Amino acid sequence: DVKVTQSSRYLVKRTGEKVFLECVQDMDHENMFWYRQDPGLGLRLIYFSYDVKMKEKGDIPEGYSVSREKKERFSLILESASTNQTSMYLCASRRGGPQETQYFGPGTRLLVL
Amino acid sequence: GNSVTQMEGPVTLSEEAFLTINCTYTATGYPSLFWYVQYPGEGLQLLLKATKADDKGSNKGFEATYRKETTSFHLEKGSVQVSDSAVYFCALTTVTGANSKLTFGKGITLSVRP
Numbered sequence: 001d002v003k004v005t006q007s008s009r010y011l012v013k014r015t016g017e018k019v020f021l022e023c024v025q026d027m028d029h030e031n032m033f034w035y036r037q038d039p040g041l042g043l044r045l046i047y048f049s050y051d052v053k054m055k056e057k058g059d060i061p062e063g064y065s066v067s068r069e070k071k072e073r074f075s076l077i078l079e080s081a082s083t084n085q086t087s088m089y090l091c092a093s094r095r096g097g098p099q100e101t102q103y104f105g106p107g108t109r110l111l112v113l
Numbered sequence: 001g002n003s004v005t006q007m008e009g010p011v012t013l014s015e016e017a018f019l020t021i022n023c024t025y026t027a028t029g030y031p032s033l034f035w036y037v038q039y040p041g042e043g044l045q046l047l048l049k050a051t052k053a054d055d056k057g058s059n060k061g062f063e064a065t066y067r068k069e070t071t072s073f074h075l076e077k078g079s080v081q082v083s084d085s086a087v088y089f090c091a092l093t094t095v096t097g098a099n100s101k102l103t104f105g106k107g108i109t110l111s112v113r114p
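Quick note, the sequences are listed as chains A and B, same order.
Using our numbering, the letters of the first sequence map in sequence onto residues 1 to 113.
Using our numbering, the letters of the second sequence map in sequence onto residues 1 to 114.
Treat the hints with caution; some may be incorrect.
Each pair of labels, with its calculated beta carbon distance range [what the hints assert, rightly or not]: (1) B:Lys68 <-> A:Thr101: 20 to 28 Å; (2) A:Glu22 <-> B:Thr20: 38 to 46 Å; (3) A:Arg73 <-> B:Asn22: 36 to 44 Å; (4) A:Thr101 <-> B:Met7: 18 to 26 Å; (5) A:Met88 <-> B:Arg67: 25 to 33 Å; (6) B:Gln45 <-> A:Glu72: 15 to 23 Å; (7) A:Ser80 <-> B:Leu13: 41 to 49 Å; (8) A:Asp38 <-> B:Leu13: 24 to 32 Å; (9) A:Gly40 <-> B:Arg113: 22 to 30 Å.
Straight-line alpha carbon distances no greater than 16 Å define the calculated EDC-like cross-link-like pairs of lysine to aspartate or glutamate that follow [as the list claims (entries may be wrong)]: (10) B:Lys52 <-> A:Glu100; (11) B:Lys106 <-> A:Asp38; (12) A:Lys71 <-> A:Asp51.
These are computed hints drawn from the structure, not numbers from a lab.
Fair warning: this is a prediction, and the values are worked out from it, not measured in the lab.
Where is the CB? At the ideal position from N, CA and C, for every residue including glycine.
Chain A with its partners taken away, still in its complex shape (with noise of 0.2 Å):
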């Protein structure tokens, strides 16, 4: 079975604080994605990577920055936490065109204070 691991399931930080999120996958896939989801607004793409060392902006990138120095692990970044960056944080994977099974961490619950 695919595999999508995130490095924390709750988080709390303080504002302004750097805040690192990982993410790996076990699977060898090519693409990783970074979403935020939140109530009545779904999941929003922040980044999106399709290869080591290469990242996308998606449709909601200010305040994040990514970093993929591995295939197997997408990083987001806090630079500087906000409290409306306080959301819960999934990553996927997929292997191939966008046709294909995207699969899901279980997420990461940020509380920014």
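Fit chain B to the supplied structure of chain A, relying on the hints for placement.
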């Protein structure tokens, strides 16, 4: 651009009731359509998909038919169970390259009472 519209929720049903969750879309080109499900405390997982017009996707008793003429992909199940309680997301992608992305609807919460 691409967009997905799902019916407003939440939806509460009794066990063994018939389920319909509406999904309509706007897309350039010829999209592939998906339903993803999120069980409590978990990430999303693919429920079913259809990649061309008139295709029917099915899984776990759920079905959805890709209707190009009405730009719809409604999810149906004949008899729901308590274990179907989850959040359901409709999504689409248009094949413009290997790095194409999914566009999701807002999701709808289904609660099934015993």
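Cross-check of the supplied hints:
1. At roughly 22 Å, the beta carbons of Lys68 (chain B) and Thr101 (chain A) sit within the given window of 20 to 28 Å.
2. Checked against the given bound of 38 to 46 Å, the beta carbons of Glu22 (chain A) and Thr20 (chain B), roughly 39 Å apart, stay inside it.
3. Between Arg73 (chain A) and Asn22 (chain B) the CB atoms are about 38 Å apart, so this pair conforms to the stated range of 36 to 44 Å.
4. Our hint of 18 to 26 Å for Thr101 (chain A) and Met7 (chain B) holds, since their Cβ atoms are close to 24 Å apart.
5. In this structure the hint that Met88 (chain A) and Arg67 (chain B) lie 25 to 33 Å apart at CB holds, the actual value being about 32 Å.
6. Checked against the given bound of 15 to 23 Å, the beta carbons of Gln45 (chain B) and Glu72 (chain A), roughly 20 Å apart, stay inside it.
7. Between Ser80 (chain A) and Leu13 (chain B) the beta carbon distance is about 44 Å. The supplied range of 41 to 49 Å therefore holds.
8. For the pair Asp38 (chain A) and Leu13 (chain B), the supplied restraint of 24 to 32 Å holds, since their beta-carbon distance comes to about 25 Å.
9. A C-beta distance of roughly 24 Å is found between Gly40 (chain A) and Arg113 (chain B), which places it inside the suggested range of 22 to 30 Å.
10. A threshold of 16 Å between alpha carbons decides the hint, and for Lys52 (chain B) with Glu100 (chain A) the separation of about 14 Å falls inside it, so the pair holds.
11. With a C-alpha separation of about 9 Å, the suggested pair Lys106 (chain B) and Asp38 (chain A) falls inside the 16 Å cut-off, and the hint holds.
12. Distance hint between Lys71 (chain A) and Asp51 (chain A) is fulfilled; the C-alpha atoms sit about 7 Å from each other, no more than 16 Å.
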